[in-house]
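*Asks:* Chains as they are written, first to last, in my numbering: chain A, 10 to 586; chain B, 10 to 586.
Hints in this document: simulated from the structure, not taken from any laboratory.
Some hints here could point you the wrong way.
Derived SDA-like pairs: lysine to any residue, alpha-carbon spacing no greater than 25 angstroms straight-line [claimed, not checked]:
1) K225/A <-> R326/B
2) K323/A <-> S172/B
3) K320/A <-> I446/B
4) K569/B <-> V484/A
5) K37/A <-> A51/A
6) K569/B <-> V508/B
7) K43/B <-> S546/B
8) K569/A <-> Q491/B
9) K323/B <-> T224/A
10) K320/A <-> T178/B
For clarity, every value in this text was computed on a predicted model and none was experimentally measured.
2 protein chains.
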Amino acid sequence: MNPLVSDAFVDFLVADVLDVEGLCRLPKFEGHGKETIGPWFAACRRVAREVLAPGYRAIDAEPPRLVDGRVRVHPKMHDAWRELVGLDVIAAVHQLPLTVTTLSSAYLMAGNLSAYGLAGLTAGAAHLIEAFGSGAVRELFLSQLRSGEWAGTMALTEPQAGSSLADVTTRARPVAEGTFLINGAKIFISGGDQDLTQNVVHLVLARIEGSPAGTKGISLFAVPRRRPEGDGLVDNDVHVSGVIHKIGWRGLPSLALSFGDEGDCHGWLVGMPNQGLRCMFQMMNEARIMVGVNAAATASVAFHESVAYAKDRKQGRALGNADASSEQVPLTAHADVRRMLLRQKAIVEGSLALLGLTARFADLSVHAADEAERTRAKWLLDLLTPIAKTFPAEKGFESNALALQVHGGYGYSSEYLPEAWLRDQKLNTIHEGTTSIQGLDLLGRKVVAGGGAALLALVDEMEPDLAKSALDVSVLRAAVGQVSEVTAALGARGAEGDVEGMLGHSADFMEAMSVVVVGWVWTKLSNAVAGRDDDFSKGLRTAAQYWLVTEVPRVDALLKLCVSEDRSYLDLQPAWL
Amino acid sequence: MNPLVSDAFVDFLVADVLDVEGLCRLPKFEGHGKETIGPWFAACRRVAREVLAPGYRAIDAEPPRLVDGRVRVHPKMHDAWRELVGLDVIAAVHQLPLTVTTLSSAYLMAGNLSAYGLAGLTAGAAHLIEAFGSGAVRELFLSQLRSGEWAGTMALTEPQAGSSLADVTTRARPVAEGTFLINGAKIFISGGDQDLTQNVVHLVLARIEGSPAGTKGISLFAVPRRRPEGDGLVDNDVHVSGVIHKIGWRGLPSLALSFGDEGDCHGWLVGMPNQGLRCMFQMMNEARIMVGVNAAATASVAFHESVAYAKDRKQGRALGNADASSEQVPLTAHADVRRMLLRQKAIVEGSLALLGLTARFADLSVHAADEAERTRAKWLLDLLTPIAKTFPAEKGFESNALALQVHGGYGYSSEYLPEAWLRDQKLNTIHEGTTSIQGLDLLGRKVVAGGGAALLALVDEMEPDLAKSALDVSVLRAAVGQVSEVTAALGARGAEGDVEGMLGHSADFMEAMSVVVVGWVWTKLSNAVAGRDDDFSKGLRTAAQYWLVTEVPRVDALLKLCVSEDRSYLDLQPAWL
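Please work from the sequences and hints to get the whole structure.
*Replies:* Right, dumping it as structure tokens:
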């Protein structure tokens with residue numbers, strides 16, 4: 010059976026890399042420790058393997074349907090939802106360290122990303138209402154979301170605006186203290202309707218009449234599909250105007266929604282007027298980390314599938330064996346197949362570890378005892394988040410393609426699952442900020458934040474791990490130095506007003522930083538098994554070695570490009586294409 | 010309307026890069042020239058744009074069905090087939106230079122790869138029978154295949170053997186002069202059955218009883234679905250045992266076939282006994298070039314779709330414009346979108362030009378007047394073929410993913426076509442020899458062929474183009490030198506018996522060689538527009554510039570890896586994963 014995610018690796022992260030025990034000594038996580046976290050992982054693994062994964066293929070094959078204006082999801086989504094609610098995952102996200110739920114959710118996502126996606130969105134909606142809602146709003150919505158009785162969504166995107174939230178046009182007209190009439194259209198709303206819960210609460214970005222243009226005039230509203238009135242729920246004028254036929258995540262409906270077609274759609278303000286985007290962005294790091302986890306999980310399940318296939322499938326003979334009457338050998342006997350497997354391992358486990366480390370900084374940024382430590386953790390969290398979102402999504406797609414490739418002609422058929430996971434994966438470079446946007450965020454904001462304090466903190470974090478490595482990390486060390494130099498040079502361009510010259514190669518910068526950061530992560534992982542000689546440790550050391558020799562040497566050319574005078578696509582005119 | 014492939018670029022290749030006029034002066038192509046080739050391209054473009062492309066979406070949505078043991082293809086496949094037969098494409102492949110049909114077929118593949126795939130397979134079967142069949146066999150099959158009255162297939166792969174043709178077990182028992190009873194199972198047989206033609210001729214690899222094990226005991230047979238008997242056709246005991254549910258190429262059925270379940274399947278020997286693989290491999294260069302063309306075509310149609318989308322779709326504002334009341338700008342106004350478009354252009358047009366050049370060497374290898382020129386062209390053809398197959402397939406997949414990415418959330422839906430072309434593309438790294446196999450072929454055979462003569466010929470071919478370039482080709486020049494050095498060093502390892510040390514990094518070597526060869530191709534293309542200042546020329550120059558600064562600097566690290574002592578995945582044990 011496909012393990013979805015390696016237990017040995019996750020247990021190793023928890024025990025030997027992420028110091029989860031240390032986190033549990035923080036006041037916020039009092040009462041947690043091995044005795045609660047062990048059973049939590051066990052429960053997630055059971056649900057992922059025994060309920061979610063077995064239903065995945067059927068759910069992928071039959072996406073949701075629109076019947077009489079309402080969405081019906083696959084029957085197996087009902088089973089999955091029931092189990093997730095039984096696990097209490099929505100509430101758990103707020104009780105356990107993010108470091109823990111990041112890793113536990115990887116199992117659930119690898120088992121069935123659509124079902125977990127709905128839980129994650131609901132947790133996000135609950136979190137926003139908890140953090141910014143008035144007492145009355147919390148009273149109306151919070152307990153039902155926490156319990157999974159109702160579900161939540163994020164309704165940001167509009168057809169004409171896409172990634173440009175400044176161009177949101179959905180309107181809100183005040184009708185009473187804190188409540189508004191909402192009118193507008195949203196698109197790509199995941200879980201925007203379903204027949205799993207009796208109600209759905211949409212967290213909607215809209216513009217209160219008279220607000221300024223752009224992002225400064227956007228407010229956040231809780232807009233339920235059915236609103237509480239009297240003792241019950243009445244229809245709140247939210248309608249499904251279309252179903253997007255997605256190529257993956259096919260259990261989770263993605264919808265076009267219209268709000269207030271009949272002038273009777275009520276929304277409750279969450280947070281202060283015109284502060285909607287600020288509220289939403291306070292959740293952004295977590296949301297992006299979760300996309301990264303999804304990407305790592307989706308690559309992980311395919312990785313394990315391809316390892317099992319390659320061990321089992323016999324094909325050809327070893328190089329130089331011309332004896333055609335000899336037995337065929339397993340695919341793993343071919344060096345290039347082992348390369349494809351090791352590369353997947355390096356991407357998958359490098360991603361999971363990076364996400365664990367990033368989540369740990371998220372925990373510390375809020376809950377560390379010491380303010381200086383919180384500030385430092387926040388720098389690191391902000392800096393690592395775009396990488397922890399993008400690297401697993403971009404390289405995860407490559408990893409998923411390799412898993413398909415290992416399956417040969419069979420991989421090209423829907424009789425085998427790698428093609429489905431490949432389709433699932435492609436969303437992760439798009440949603441919650443495309444790769445382009447992450448690159449601009451990383452280079453334009455994050456690495457230059459605090460006048461270089463964030464990057465300095467990262468280098469300080471890396472140094473001790475590099476210093477104690479038994480591997481040859483000289484190229485990585487040089488790359489770390491080069492990152493600092495290039496960042497300073499680009500920052501100077503920006504300071505001189507040459508924004509294009511600073512950001513033109515943001516994609517290359519993102520790639521270089523990702524390779525370096527994952528190089529550090531692999532160094533750290535191999536340090537943690539120093540002196541050990543079991544199969545698990547050898548595997549980690551080999552993957553670390555692979556990353557250092559194969560990927561890290563590429564950084565030099567990438568970073569040189571960032572500060573080069575190359576203007577190829579900067580000067581490109583559309584007519585030249 | 011999507012042009013599928015750029016006419017301006019193809020016309021430029023024909024006129025200014027590939028010297029098609031010169032080819033037409035060779036005796037074999039007598040009678041051809043502008044006056045025949047112009048109308049040929051016009052006819053292919055018309056069919057591709059007016060018949061094939063408009064049917065693509067419907068055909069992708071409804072794959073072939075198995076009804077009462079026979080396969081029914083989509084009704085629009087019938088239209089497509091009729092038009093392709095009307096074009097006379099199957100025969101054209103043998104009359105026009107491959108240089109021309111390589112480019113013309115790109116339009117047809119970009120319009121509907123499944124329909125053209127069937128024509129290509131039929132042309133391949135006809136070609137094999139023409140080249141190796143006895144008079145009687147040619148008489149039985151050739152004219153019907155040429156006319157498209159019957160279709161042909163290649164039936165090589167078996168379930169237990171996959172890429173390992175040495176393990177083919179289908180048997181052939183002689184029953185009369187040149188005819189045999191065939192018995193065995195084949196899988197992944199494209200076009201293995203359909204309701205387009207009244208008969209299908211399978212070119213089957215099988216083992217004559219008593220033949221040696223391995224590749225030396227394999228023979229080639231023409232095995233029709235219905236065999237000529239008396240005045241008509243009778244059933245020949247070939248049965249469809251399964252339909253593969255492919256993720257792309259969904260107009261073209263891919264089948265599991267069983268031959269001779271009832272002991273009544275007759276096959277006609279093609280070529281000499283036990284020479285089947287040799288016959289097949291004589292077609293291999295062309296078959297692999299055609300996979301490359303398919304890959305380039307599939308990336309091309311998506312590239313043009315994404316260019317049109319990016320020019321049209323308004324989204325956000327230029328960097329530094331904080332005025333949210335200003336108009337949104339087209340996607341092309343964003344530097345990173347232009348990067349994604351330019352990268353696609355570099356891959357698509359670099360691939361097409363490489364394929365044109367490789368096809369030209371194929372033409373010269375057979376038809377050049379001078380023997381020395383034929384020999385030299387054959388070296389170059391053999392050397393370039395694995396690259397011309399693999400680069401478009403591997404980088405084309407990246408290019409197709411970028412086309413989807415440019416479409417943002419819409420790209421993730423099947424309302425838009427980029428996702429379909431992405432699915433189509435993935436096959437090209439698998440069929441006709443996986444990327445792993447191409448890497449071993451390139452490094453293990455092709456670059457060391459003739460004691461280095463092949464590589465020397467390639468370097469000689471590159472030199473004049475590099476010498477006259479107005480671009481900075483210093484890094485490319487160094488890379489070319491490095492390729493020779495590394496090849497010599499690896500060849501020496503092989504000569505010393507260290508086959509694993511020679512071939513361990515064949516994937517890295519393939520990538521490095523591809524980048525260098527395409528760097529040369531772009532240099533050549535930019536030379537051909539030297540001094541011109543129109544949009545078309547600026548576009549080519551910019552793409553050349555992009556490739557030289559972005560990709561070529563990566564070669565150094567890749568080639569160093571090939572001769573490094575890294576043994577990460579070489580030493581990897583399956584248990585370490």
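*Asks:* Now look at each hint and say whether the structure bears it out.
*Replies:* Right, here's what the structure says about each hint:
1. K225/A <-> R326/B: Judged against 25 angstroms, a Cα distance of about 16 angstroms means the pair holds.
2. K323/A <-> S172/B: Since the Cα atoms of K323/A and S172/B sit roughly 11 angstroms apart, the hinted pair holds (cutoff 25 angstroms).
3. K320/A <-> I446/B: At roughly 19 angstroms apart (the allowed maximum being 25 angstroms), I446/B and K320/A satisfy the hint.
4. K569/B <-> V484/A: The hint holds at about 13 angstroms.
5. K37/A <-> A51/A: Holds, at roughly 23 angstroms.
6. K569/B <-> V508/B: It holds: about 18 angstroms lies between the C-alpha atoms, which stays within 25 angstroms.
7. K43/B <-> S546/B: holds (23 angstroms)
8. K569/A <-> Q491/B: Cα-Cα ~20 angstroms, so holds.
9. K323/B <-> T224/A: Roughly 17 angstroms between the alpha carbons, so the hint for K323/B and T224/A holds.
10. K320/A <-> T178/B: holds (23 angstroms)
When the structure is compared with the earlier hints, no violation turns up for any of them.
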